[in-house]
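**Student:** The chain contents come next:
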Amino acid sequence: MSKTEAAATATERRGLSPRQRARRSRQIQYAILVVLVLVALFTADWKQIIDVFFKPELVWDAITGGLWHAMLKTIEYTAGAFVIGLVAGTVLALMRLSQVGPYRWLATAYIEFFRGLPAIIVFIAFSLLPLAFEGLTIPFDPYGVVWLALGIVAAAYMAEVIRAGIQAVPKGQIEAARSLGMPFGLATRKIVLPQAFRIVLPPLANDLILLVKDSSLVFIIGVSTDANELTGFGREMANNESNLTPLITAGFCYLLITLPLGILVRRLEAQAAKAR
Amino acid sequence: MTVDGTRPIVEIQNLHKSFGDNHVLRGIDFTVNQREVVCVIGPSGSGKSTLLRCVNLLEQPSDGKVFVRGEDITDPDCFLDDARRHIGMVFQQFNLFPHLSVLTNCTVAQTTVLKRKQSEAVAVARANLERVGLHEKIDAYPAQLSGGQQQRVAIARALSMDPALMLFDEPTSALDPELVGEVLTVMRKLAEDGMTMLVVTHEMAFAREVADRVVFMDAGVIVEQGSPHDVIGAPQHDRTRTFLKRVLDPTHVPPTS
Numbered sequence: 001m002s003k004t005e006a007a008a009t010a011t012e013r014r015g016l017s018p019r020q021r022a023r024r025s026r027q028i029q030y031a032i033l034v035v036l037v038l039v040a041l042f043t044a045d046w047k048q049i050i051d052v053f054f055k056p057e058l059v060w061d062a063i064t065g066g067l068w069h070a071m072l073k074t075i076e077y078t079a080g081a082f083v084i085g086l087v088a089g090t091v092l093a094l095m096r097l098s099q100v101g102p103y104r105w106l107a108t109a110y111i112e113f114f115r116g117l118p119a120i121i122v123f124i125a126f127s128l129l130p131l132a133f134e135g136l137t138i139p140f141d142p143y144g145v146v147w148l149a150l151g152i153v154a155a156a157y158m159a160e161v162i163r164a165g166i167q168a169v170p171k172g173q174i175e176a177a178r179s180l181g182m183p184f185g186l187a188t189r190k191i192v193l194p195q196a197f198r199i200v201l202p203p204l205a206n207d208l209i210l211l212v213k214d215s216s217l218v219f220i221i222g223v224s225t226d227a228n229e230l231t232g233f234g235r236e237m238a239n240n241e242s243n244l245t246p247l248i249t250a251g252f253c254y255l256l257i258t259l260p261l262g263i264l265v266r267r268l269e270a271q272a273a274k275a276r
Numbered sequence: 001m002t003v004d005g006t007r008p009i010v011e012i013q014n015l016h017k018s019f020g021d022n023h024v025l026r027g028i029d030f031t032v033n034q035r036e037v038v039c040v041i042g043p044s045g046s047g048k049s050t051l052l053r054c055v056n057l058l059e060q061p062s063d064g065k066v067f068v069r070g071e072d073i074t075d076p077d078c079f080l081d082d083a084r085r086h087i088g089m090v091f092q093q094f095n096l097f098p099h100l101s102v103l104t105n106c107t108v109a110q111t112t113v114l115k116r117k118q119s120e121a122v123a124v125a126r127a128n129l130e131r132v133g134l135h136e137k138i139d140a141y142p143a144q145l146s147g148g149q150q151q152r153v154a155i156a157r158a159l160s161m162d163p164a165l166m167l168f169d170e171p172t173s174a175l176d177p178e179l180v181g182e183v184l185t186v187m188r189k190l191a192e193d194g195m196t197m198l199v200v201t202h203e204m205a206f207a208r209e210v211a212d213r214v215v216f217m218d219a220g221v222i223v224e225q226g227s228p229h230d231v232i233g234a235p236q237h238d239r240t241r242t243f244l245k246r247v248l249d250p251t252h253v254p255p256t257s
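Protein chains in written order, with the working numbering: chain A, 1 to 276; chain B, 1 to 257.
These are calculated hints, taken from the structure and not from any lab test.
Keep in mind that this is a model prediction, so the values were computed, not measured.
The beta carbon of each residue, even a glycine, is placed where N, CA and C say it ideally should be.
All clues given are correct.
Derived lysine-lysine pairs resembling BS3-like cross-links, with alpha carbons at most 30 Å apart:
{"hint": "1", "chain 1": "B", "residue 1": "LYS245", "chain 2": "B", "residue 2": "LYS189"}
{"hint": "2", "chain 1": "A", "residue 1": "LYS190", "chain 2": "B", "residue 2": "LYS117"}
{"hint": "3", "chain 1": "A", "residue 1": "LYS213", "chain 2": "A", "residue 2": "LYS55"}
{"hint": "4", "chain 1": "A", "residue 1": "LYS190", "chain 2": "B", "residue 2": "LYS137"}
{"hint": "5", "chain 1": "B", "residue 1": "LYS115", "chain 2": "A", "residue 2": "LYS171"}
{"hint": "6", "chain 1": "B", "residue 1": "LYS137", "chain 2": "B", "residue 2": "LYS115"}
{"hint": "7", "chain 1": "B", "residue 1": "LYS189", "chain 2": "B", "residue 2": "LYS117"}
{"hint": "8", "chain 1": "B", "residue 1": "LYS115", "chain 2": "B", "residue 2": "LYS189"}
{"hint": "9", "chain 1": "A", "residue 1": "LYS190", "chain 2": "A", "residue 2": "LYS171"}
{"hint": "10", "chain 1": "B", "residue 1": "LYS117", "chain 2": "B", "residue 2": "LYS137"}
{"hint": "11", "chain 1": "B", "residue 1": "LYS65", "chain 2": "A", "residue 2": "LYS171"}
{"hint": "12", "chain 1": "A", "residue 1": "LYS171", "chain 2": "B", "residue 2": "LYS137"}
{"hint": "13", "chain 1": "B", "residue 1": "LYS115", "chain 2": "A", "residue 2": "LYS190"}
{"hint": "14", "chain 1": "B", "residue 1": "LYS137", "chain 2": "B", "residue 2": "LYS189"}
Ranges of calculated distance between the beta carbons of each label pair, as one might list FRET restraints:
{"hint": "15", "chain 1": "B", "residue 1": "PRO177", "chain 2": "A", "residue 2": "LEU106", "range": "46 to 54 Å"}
{"hint": "16", "chain 1": "B", "residue 1": "GLY27", "chain 2": "A", "residue 2": "GLY116", "range": "49 to 57 Å"}
{"hint": "17", "chain 1": "B", "residue 1": "PRO177", "chain 2": "A", "residue 2": "ARG115", "range": "44 to 52 Å"}
Beyond 12 Å from chain A on every Cβ pair, some chain B residues (computed):
{"hint": "18", "residue": "HIS23"}
{"hint": "19", "residue": "ARG26"}
{"hint": "20", "residue": "GLY27"}
{"hint": "21", "residue": "PHE30"}
{"hint": "22", "residue": "ASP75"}
{"hint": "23", "residue": "VAL122"}
{"hint": "24", "residue": "GLU130"}
{"hint": "25", "residue": "GLY133"}
{"hint": "26", "residue": "ILE138"}
{"hint": "27", "residue": "THR185"}
{"hint": "28", "residue": "ARG208"}
{"hint": "29", "residue": "ASP218"}
{"hint": "30", "residue": "ASP230"}
{"hint": "31", "residue": "ALA234"}
{"hint": "32", "residue": "PRO254"}
Given the sequences, and given the hints that come with them, work out the whole structure.
**Tutor:** Set out below in structure tokens:
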């Protein structure tokens with residue numbers, strides 16, 4: 001049997017080669033996609049869809065009617081809550097790693113409680129506080145309430161992330177610092193925590209993005225129109241106009257915040273990788 | 001007090017250390033005198049690293065006393081951080097601070113622990129980096145350096161605290177063979193400058209040439225000690241002879257179970 005004959009029998013026996021089969025499979029997948037797009041194009045009522053979801057005049061009205069102000073509020077609410085979460089989370093993480101038993105138990109109880117609780121319940125609780133305790137005022141109204149409500153929950157999540165980061169710093173680091181005569185607190189502050197934060201930068205950024213979205217729960221507390229963040233703003237305007245366009249526009253603005261955050265984090269990560 | 005009247009820098013009395021059921025140190029007595037270079041050798045698991053780590057209390061001894069510069073550092077009320085300033089430590093894995101530059105690695109403890117001014121700390125760090133031949137690398141980060149360079153920075157970092165004593169825990173064991181020499185050279189220079197050194201090592205050539213005294217440990221006790229000429233050249237004990245034969249002539253070691 002010659003070589004060509006052998007090749008011919010092989011093709012007869014096996015049909016398409018793996019490469020040919022892969023090409024065929026890709027062709028089928030593209031064909032299905034094209035059919036689906038065509039069906040969508042010809043069956044949907046595009047005029048109606050654009051009218052309800054993407055009405056250009058309403059997009060313009062939203063932009064000129066306080067969209068940026070609402071976006072600024074979202075950023076302010078998130079940033080304050082993030083700072084509270086970061087500080088309280090670091091304290092909780094250190095408490096969880098403490099030599100003192102009761103500190104460990106307290107921190108664990110706090111973290112388990114607020115991690116398991118829907119954030120919306122915390123917001124409802126805060127909205128009811130002034131009724132329960134008459135005359136109670138939280139400073140920096142309305143920022144104080146929002147920051148506290150968001151920060152309390154965020155601290156629970158961040159504490160676990162930061163604790164993992166602290167434990168991921170090699171033991172030799174604290175040994176080297178202590179050998180140089182640094183007391184435990186100083187070694188933690190100067191040597192361990194900076195490295196821990198570098199390690200947990202990506203998951204911490206994740207928490208920040210979750211926080212951006214959770215700030216939409218502010219409407220539960222009931223703030224004035226002027227203090228509305230994106231979701232509240234979009235909801236109110238959509239209600240008034242009986243059209244979803246303002247809500248979609250507000251939703252798009254969340255991406256304007258979270259996408260650059262993602263890019264920033266990737267940059268910071270690359271920078272941190274250089275120093276490791 | 002020793003014969004010539006100088007006080008020992010390190011004095012260890014009846015030191016015991018166990019990790020659970022594992023009795024690692026079983027009664028160690030020994031001293032290191034001023035300007036003396038002592039090399040501790042022995043098979044792995046003999047407790048030599050643990051002994052070294054007990055000298056600055058990175059390991060808490062189970063029993064016995066450790067005096068450093070006359071101060072009992074095993075006393076629970078000892079100001080341990082103050083005592084540690086005078087004890088430089090160099091680790092097998094370097095343990096440089098990866099988030100700090102070479103220069104800051106050498107200044108961070110000076111400014112925070114010794115409360116030196118930044119300018120003074122930088123000057124001290126520069127002088128010590130020069131001493132280990134790395135003054136050109138002051139702005140680099142540890143990850144950008146070779147293992148040998150990292151270990152030399154670690155030595156400069158310890159020296160920047162002006163220690164009375166330097167501890168070396170197998171400083172060349174994590175290095176590629178061609179990088180061992182640069183670290184040993186720095187250590188030899190240090191010894192010649194009169195630094196008191198306690199070195200756990202597998203480098204027999206270093207022990208033979210630089211050490212004033214060699215201590216051989218096995219199974220948690222000191223088996224024998226003396227001048228390198230005696231201990232490495234003419235060991236008295238079987239265990240020492242077996243160990244040295246394995247280390248110095250590794251291609252002729254009879255296989256054991």
